[in-house]
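Read top to bottom, the protein sequences are chains A and B.
The first sequence: position 131 = 131 (the numbering used here), numbered continuously.
The second sequence: position 145 = 145 (the numbering used here), numbered continuously.
Certain hints may be false.
Claimed, not checked - Here are some chain B residues the structure puts well away from chain A; computed CB gaps all over 10 Å:
#, residue
1, A45
2, D50
3, T116
As the list claims (entries may be wrong) - So the derived label-pair ranges between C-beta atoms look like this:
#, chain 1, residue 1, chain 2, residue 2, range
4, A, Q134, B, E99, 34 to 44 Å
5, A, W26, B, N209, 37 to 47 Å
6, B, P138, A, Q134, 50 to 60 Å
7, B, R179, A, E106, 52 to 62 Å
Derived by calculation from the structure, the hints in this document are not laboratory data.
Every residue gets a Cβ at the ideal spot worked out from N, C-alpha and C, and that includes glycine.
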Amino acid sequence: MALDKPYLDVPGTTIFDADQSHKGYWLNQFCMSLMKAGNREDFLADPRACLDRWPMTEAQKQAVLARDLNRCIAEGGNIYFLAKLGATHGMSFQQMAGSMTGMTEEEYRDMMIAGGRGIEGNRYLGEDGSAQPQRQPQGNAKKPGF
Amino acid sequence: MARITASVYTSHVPAIGAALDLGKTAEPYWKPVFDGYEFGKRWIAADPPDVIFLVYNDHATAFSLDLIPTFAIGTAADYPMSDEGWGPRPVPRVAGHPELAAHIAQSVIQDDFDLTIVNRMEVDHGLTVPLSLMFGQPAAWPCPVIPFAVNVVQYPVPSGRRCFLLGQAIRKAIESYERPLRVQVWGTGGMSHQLQGPRAGLINREWDNRFLDRLVAEPEALAQVPHIEYVREAGSEGIELVMWLIARGAMADVAGGPAPNVLHRFYHVPASNTAVGHLILANG
Chain A
1 MALDKPYLDV PGTTIFDADQ SHKGYWLNQF CMSLMKAGNR EDFLADPRAC
51 LDRWPMTEAQ KQAVLARDLN RCIAEGGNIY FLAKLGATHG MSFQQMAGSM
101 TGMTEEEYRD MMIAGGRGIE GNRYLGEDGS AQPQRQPQGN AKKPGF
Chain B
1 MARITASVYT SHVPAIGAAL DLGKTAEPYW KPVFDGYEFG KRWIAADPPD
51 VIFLVYNDHA TAFSLDLIPT FAIGTAADYP MSDEGWGPRP VPRVAGHPEL
101 AAHIAQSVIQ DDFDLTIVNR MEVDHGLTVP LSLMFGQPAA WPCPVIPFAV
151 NVVQYPVPSG RRCFLLGQAI RKAIESYERP LRVQVWGTGG MSHQLQGPRA
201 GLINREWDNR FLDRLVAEPE ALAQVPHIEY VREAGSEGIE LVMWLIARGA
251 MADVAGGPAP NVLHRFYHVP ASNTAVGHLI LANG
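The following block holds chain A by itself, in its conformation from the complex (with noise of 0.2 Å):
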């Protein structure tokens, strides 16, 4: 039997679920690793050589090179696995989250101090919201990623 997934229509939102779990385990193993300094540091000096290390997709390793968390968490990453990976590269969990809007980091940081994203048009597919698919992206980030 399939599994029940009554949360497919949220918008801009992915469910880390036993599949996802499956198809990014070694992405976010990885990014385990980064919980050390010295495997932050070996990352950093070559971040190429150190992603082939792991027996992750091309996909994972060029969605991590881009900074990109949304093709990462596509890719089957979790954000708290992907935080290590932020941190890394010296981002707090603001600019993080920002990251996968397509605002910049003030546009975010603004709309948060303003009370935050809205729920309304936000709770299923199909309606207005800011998160909805036909929305995106909703700033004036130069590109995808942190």
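Got chain A sorted already, so can you dock chain B onto it with the hints?
Quick look at chain B alone, frame taken from chain A:
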């Protein structure tokens, strides 16, 4: 006998820990957050518990994808700080309470909750930020802590109903411990927030405040709320709020005692990506 004196609920945003560690608490962005904890700090300093049973979630720190326990109880004597990628937080090591933790594990497992028992574990901001918010920056934490980690990383997380029942089993366990310890149960995480995808930054002030209302007044009904409502209304990471139902389930009124006193309630947006909620309930 041991007894549960109070429950404390709070968000555990990592940026709050960083703001404290970097001396930014008086900055205009952070001051309203820390002001919301002034009451709690005074309250707990005046009457500290003997032990804190601290419900939190591990953020891919102690538990990678190799092992994902739904409920894990720490039975160790102490717990070192993890390095989550920014270096370890400069906070004291956390002392455990192996004897009470082992007692709780035995009682709760015999009550049909299949806990994972953990004797070696690093702890992350999910556990240390609540301690920092309530105790500030002491040289040592004032009391032992029993870490209780809940999986909210990989779906499905335990249901609100399961968490609420577990809280009741934890209460029974603590109150059957023969030493006269005064124990607090803390529920942490939330409130509304989403850290991923184009919907990152979601905040739902109205839903959060309704959650706080219902947590106080009708926790059993609140516990029936399904996962999908948390995800849809409070963001993919807002689902951490199920952990508050464990602490709430441990309060006396759920077992037929008097309603708790609401000593403090606080809500603020934002701390980084997150709505901060904080509640203190005391048993009469």
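Hints versus structure:
1. A45: Given a closest Cβ separation of 30 Å, the condition holds.
2. D50: 32 Å, holds
3. T116: Given that every Cβ of chain A is farther than 10 Å from that of T116(B), nearest at about 18 Å, it holds.
4. Q134(A) x E99(B): 34 to 44 Å: The hinted range 34 to 44 Å is violated for Q134(A) and E99(B), with Cβ atoms some 58 Å apart.
5. W26(A) x N209(B): 37 to 47 Å: 42 Å, holds
6. P138(B) x Q134(A): 50 to 60 Å: At 51 Å between Cβs, range holds.
7. R179(B) x E106(A): 52 to 62 Å: 55 Å, holds
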